[in-house]
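*Asks:* Based on the provided sequences and hints, a complete structural model is requested.
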Amino acid sequence: MTWKLPEALLALKVMSDRYDPSRIEPKWQAWWEARGTFRTPEDPSLPKKYILDMFPYPSGAGLHVGHPEGYTATDIVCRYLRARGFAVLHPMGWDAFGLPAEQYAIQTGTHPAVTTRANIATFKRQIQSLGLSYDWEREVDTTDPAYFKWTQWIFLQLFRRGLAYQSEIPVNWCPALGTVLANEEVVDGKSERGGHPVLRMPLRQWMLKITAYADRLLDDLDLVKWPDSTKTMQEEWIGRSEGAEVKFALEDGSGALEVFTTRPDTLFGATFMVVAPEHPFVERHTTHAQKAAVEAYVHQAIHRSDLDRKAAKEKTGVFTGGFVVNPVNGERVPVWVADYVLMGYGTGAIMAVPAHDERDFEFARAFGISVVQVVSPDGRPRSGELEAATTEEGLAVNSGPYDGLPTAEFKRRITADLEAAGRGRKRIEYRLRDWVFSRQRYWGEPIPIYFPVETDGDPRAGAPHTIRYDLPMAVDEAELPLLLPDLEDFSPGDDPAGALARAVDWRFFRRDGQWYARETNTMPQWAGSCWYYLRFMDPGNPDAAWSKEAAARWLPVDLYVGGAEHAVLHLLYARFWHKVLHDAGFVSCPEPFARLVHQGMILGEVEYTAYKSSEGFVSREWVVALPDGGYRHRSGGQELTPVRVPEEAVEKRGANTILKADPEIVVEARAFKMSKSRGNVINPDDVVRRHGADALRLYEMFLGPLEAVKPWSTSGIQGVARFLERSFALASRPMKDGMPEGPLLRLVHKTIRKVTEDIEGLRFNTAISALMVLLNELSKTDPLPKGAAELHVRLMHPFAPHLAEELWERLGHPPSLQEVPWPGFDPDLCQDESVTVAVQVNGKMRGTVQLAAGSDQDTALGEARKLDTVQRQLEGKDIRKVIWVADKLLNLIAG
RNA sequence: GCGAACGUGGCGGAACUGGUAGACGCACUGGAUUUAGGUUCCAGCGGCUCACGCCGUGGGGGUUCGAGUCCCCCCGUUCGCACCA
Numbered sequence: 000m001t002w003k004l005p006e007a008l009l010a011l012k013v014m015s016d017r018y019d020p021s022r023i024e025p026k027w028q029a030w031w032e033a034r035g036t037f038r039t040p041e042d043p044s045l046p047k048k049y050i051l052d053m054f055p056y057p058s059g060a061g062l063h064v065g066h067p068e069g070y071t072a073t074d075i076v077c078r079y080l081r082a083r084g085f086a087v088l089h090p091m092g093w094d095a096f097g098l099p100a101e102q103y104a105i106q107t108g109t110h111p112a113v114t115t116r117a118n119i120a121t122f123k124r125q126i127q128s129l130g131l132s133y134d135w136e137r138e139v140d141t142t143d144p145a146y147f148k149w150t151q152w153i154f155l156q157l158f159r160r161g162l163a164y165q166s167e168i169p170v171n172w173c174p175a176l177g178t179v180l181a182n183e184e185v186v187d188g189k190s191e192r193g194g195h196p197v198l199r200m201p202l203r204q205w206m207l208k209i210t211a212y213a214d215r216l217l218d219d220l221d222l223v224k225w226p227d228s229t230k231t232m233q234e235e236w237i238g239r240s241e242g243a244e245v246k247f248a249l250e251d252g253s254g255a256l257e258v259f260t261t262r263p264d265t266l267f268g269a270t271f272m273v274v275a276p277e278h279p280f281v282e283r284h285t286t287h288a289q290k291a292a293v294e295a296y297v298h299q300a301i302h303r304s305d306l307d308r309k310a311a312k313e314k315t316g317v318f319t320g321g322f323v324v325n326p327v328n329g330e331r332v333p334v335w336v337a338d339y340v341l342m343g344y345g346t347g348a349i350m351a352v353p354a355h356d357e358r359d360f361e362f363a364r365a366f367g368i369s370v371v372q373v374v375s376p377d378g379r380p381r382s383g384e385l386e387a388a389t390t391e392e393g394l395a396v397n398s399g400p401y402d403g404l405p406t407a408e409f410k411r412r413i414t415a416d417l418e419a420a421g422r423g424r425k426r427i428e429y430r431l432r433d434w435v436f437s438r439q440r441y442w443g444e445p446i447p448i449y450f451p452v453e454t455d456g457d458p459r460a461g462a463p464h465t466i467r468y469d470l471p472m473a474v475d476e477a478e479l480p481l482l483l484p485d486l487e488d489f490s491p492g493d494d495p496a497g498a499l500a501r502a503v504d505w506r507f508f509r510r511d512g513q514w515y516a517r518e519t520n521t522m523p524q525w526a527g528s529c530w531y532y533l534r535f536m537d538p539g540n541p542d543a544a545w546s547k548e549a550a551a552r553w554l555p556v557d558l559y560v561g562g563a564e565h566a567v568l569h570l571l572y573a574r575f576w577h578k579v580l581h582d583a584g585f586v587s588c589p590e591p592f593a594r595l596v597h598q599g600m601i602l603g604e605v606e607y608t609a610y611k612s613s614e615g616f617v618s619r620e621w622v623v624a625l626p627d628g629g630y631r632h633r634s635g636g637q638e639l640t641p642v643r644v645p646e647e648a649v650e651k652r653g654a655n656t657i658l659k660a661d662p663e664i665v666v667e668a669r670a671f672k673m674s675k676s677r678g679n680v681i682n683p684d685d686v687v688r689r690h691g692a693d694a695l696r697l698y699e700m701f702l703g704p705l706e707a708v709k710p711w712s713t714s715g716i717q718g719v720a721r722f723l724e725r726s727f728a729l730a731s732r733p734m735k736d737g738m739p740e741g742p743l744l745r746l747v748h749k750t751i752r753k754v755t756e757d758i759e760g761l762r763f764n765t766a767i768s769a770l771m772v773l774l775n776e777l778s779k780t781d782p783l784p785k786g787a788a789e790l791h792v793r794l795m796h797p798f799a800p801h802l803a804e805e806l807w808e809r810l811g812h813p814p815s816l817q818e819v820p821w822p823g824f825d826p827d828l829c830q831d832e833s834v835t836v837a838v839q840v841n842g843k844m845r846g847t848v849q850l851a852a853g854s855d856q857d858t859a860l861g862e863a864r865k866l867d868t869v870q871r872q873l874e875g876k877d878i879r880k881v882i883w884v885a886d887k888l889l890n891l892i893a894g
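Position 442 of the first sequence, counted from 1, bears residue number 441 in numbering that gives the first Met the number 0, the numbering being contiguous throughout.
Since the hints were derived computationally from the structure, they do not count as laboratory data.
You may find that some hints are simply not true.
Result set (DSSO-like, lysine-lysine): computed pairs, CA atoms no more than 30 Å apart in a straight line [what the hints assert, rightly or not]: (1) K224 <-> K48; (2) K675 <-> K611; (3) K123 <-> K709; (4) K779 <-> K749; (5) K148 <-> K47; (6) K148 <-> K123; (7) K246 <-> K290; (8) K865 <-> K876; (9) K672 <-> K224; (10) K123 <-> K246; (11) K779 <-> K843; (12) K547 <-> K148; (13) K749 <-> K48; (14) K749 <-> K230; (15) K611 <-> K735; (16) K735 <-> K779; (17) K47 <-> K230; (18) K749 <-> K47; (19) K425 <-> K230; (20) K246 <-> K314; (21) K578 <-> K611.
*Replies:* Below, the structure is given as structure tokens:
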């Protein structure tokens, strides 16, 4: 054994001058921290940039490789901008209220604050190990009373402006779980988890009047540079539609049934009306004869959840026996009740025009109601029955005095006529609903509202009392923050008022002899994330949520990076709050996030799946996926089981991946979302330990475009690790002073331009590829000009900051690279002196010629004629035409 | 069903306003150094063909001297919405 020792020692010595991220990275992280390199500059004369990541929920699972993707992207941009002389605000914090910590508390009794603190510590350690350039002095935590004091303060601004109100709205209440469930959590009237019964019941909720801002939220999307897909999703979510409100008089003269329609031009084709099961018309105007049938229908309809109602395909409904009068022609129109009309949209009642609405058409066909065509493409009614509804616009028919009018004009005319007759008017509807802002949970911001209590005794001791929810009062701003009470049991309990209702000493208080009760609902998780970007501007301010000066200095956020899963809700809610704060004079710009980018998800490694029946493997083309998640044979119909196959057992053959053991069997190759249950989660800690933070950062950026969904590949990281090693080796070589000359100088300038432009455009994958090209070229150059090696280090600095700082120091410069201005390029030197021009004959490539840049067509033609391949193609033919694209291409048309 | 995005080697991906398809990297093959190597270096690497050459960006048509890129039809994948009157 002893004879091996000297070699081992030798190996150690060699190792000491090899690239060793585990030594370099902590060194520079400590250096940056000690020097405050990333502290936000105060100097107001510097131009500013506010670069923001969506802050994470600190889950117990710790960071996954998806987090560093967006964080690295913004970090690269920040380091680049600092080198360009900008004052950069780049903060990080924690969206720390949320369900998992509360559920853990319910199971274990551990206070959510304890869990949250531990999780934040883990997240922070992991994020710091990546060398991300955050200004940690601005860290915020939404569960910190010093933070949520101001969340509550903003709520009070909304309350004062009449934008926060209470309402009884139907929710999914599950008594067994003791909580309100989201629609997605209810399946077949039972809870998704546990299968407990769920009741639809009205419950008092706090609502925020986001609908008051619908138009501005829609219009101001024009002011921001966001992905079109995200803008479209927000537009559709807001769902503005213009139409008319029309009154159909009741037969008994007691009023009218109001409907909303986007097609008032089809009024003459309204052959029936439909009201939602919850509509008051049902109660008031159902005839005696229809009563039993209607009641039975309404009962079963109301007890179906929204999702069930949506899932049903066949139209159902019952005639109420009632009639109304069509305002345009005086005809009697029967009124039906059906659940395809929703109480929550429009007026909860529609005029049904089966000829021109697919849903009405289906309903009319199911119940034998007549169909009257009132729109025609050519102005002539069709003979015979319609087989389907036609929803296109056209010319009016069967519409009395309006016949022949085009749809758009008809709409305008009839809306005006109805209004003049007092039977309707223009109306705009939105799909957007007001925001249900209360949760029956413990781990959220208490809503700073209280109510008078009518009682003869002490409500804390159980005296009978009435809480006057109709008289909400704002907690005095001086009393904020309103803290959560300490509890032993964090479960919501069987009281829909929530866990806080049990904290009677907290809930009830007495002032001037009058008893009061605090609101026991808490805010949803969205609350804290609605304004965190504002607190980052002035995080320590004890007197205000932020100062006017800070807002003037930093807003708007110049670049906001985060997942597409927040495309609608978070981003819409934050915009809404921002606009309210704008109206209240606390911020001056109309939109908070000027530019938005969604990083794409990083999937797990590609997995191979074969499908097996009782008789053995079945090739992919015979496998049919069932909606329930199962699989069966396309022809035989037998059940198939998916089997995970290791990579060594498969082989690529042509377009297919097949089993080595049986080449007839094609397997499925696919990457899946990382999940604990699938066991394909990559832990960034492991990657950092093995390859270093610079390699992880570089690899995630090199994988593909930032916005794209990309599968992780464990072997792929080798490539960037090698790049870092070779960069290290390059800087250790002997060099000559000065800059390179000739083609190498031109390559350096081209690389500066490419990297600069790619960082601006967030195209990090191609920027890294350009750096690799430069490194490959420099590695071949001997002697190596030091100026070129230095530029390589400066250009790679935003991507691999630890190694860049290390090499910069080794090249004899004082740190930090963050203070070295970003290199500029000479556009003239970005042009090559000699260019390769493509030569085509009749549009087909036949070779290339080397020419001096800027050569003319004749020179090119002369050179091209010398090519064997060209001569062969031209044999016996005349050149009839020449296409010449300078410095690019010569195309000879011959025949 | 509606809407949006995307289909390029064995793999991740490049390709500016139509102008050399496959940059860069992984994997693979051969060679060199090494006792060894999850090391380093050199070379090769879309398919067919001995070669000349032919074919090739999901499929089919079109515009053009020239199409991955533009237009039309179809197929597939992913995401979002889903009776919104």
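*Asks:* Now tell me if each hint is right for this structure.
*Replies:* Each hint, compared with the structure:
1. K224 <-> K48: Distance ~15 Å between K224 and K48 Cα, so the pair holds.
2. K675 <-> K611: Answer holds: K675 to K611 is near 25 Å, not above 30 Å.
3. K123 <-> K709: holds (25 Å)
4. K779 <-> K749: holds (18 Å)
5. K148 <-> K47: Given pair K148, K47 holds - Cα atoms ~28 Å apart, limit 30 Å.
6. K148 <-> K123: Since the Cα atoms of K148 and K123 sit roughly 23 Å apart, the hinted pair holds (cutoff 30 Å).
7. K246 <-> K290: Given that 30 Å is the threshold and the Cα spacing comes to 24 Å, the pair holds.
8. K865 <-> K876: holds (16 Å)
9. K672 <-> K224: Holds, at about 29 Å.
10. K123 <-> K246: It is violated: about 61 Å lies between the C-alpha atoms, which goes past 30 Å.
11. K779 <-> K843: Cα-Cα ~35 Å, so violated.
12. K547 <-> K148: holds (18 Å)
13. K749 <-> K48: holds (26 Å)
14. K749 <-> K230: violated (35 Å)
15. K611 <-> K735: violated (65 Å)
16. K735 <-> K779: holds (14 Å)
17. K47 <-> K230: holds (26 Å)
18. K749 <-> K47: holds (28 Å)
19. K425 <-> K230: The given pair, whose Cα atoms are some 27 Å apart, holds under the 30 Å limit.
20. K246 <-> K314: holds (25 Å)
21. K578 <-> K611: Not satisfied, since the Cα-Cα distance of roughly 57 Å exceeds 30 Å.
The structure does not agree with the numbered hints 10, 11, 14, 15, 21 stated previously, though it agrees with the rest.
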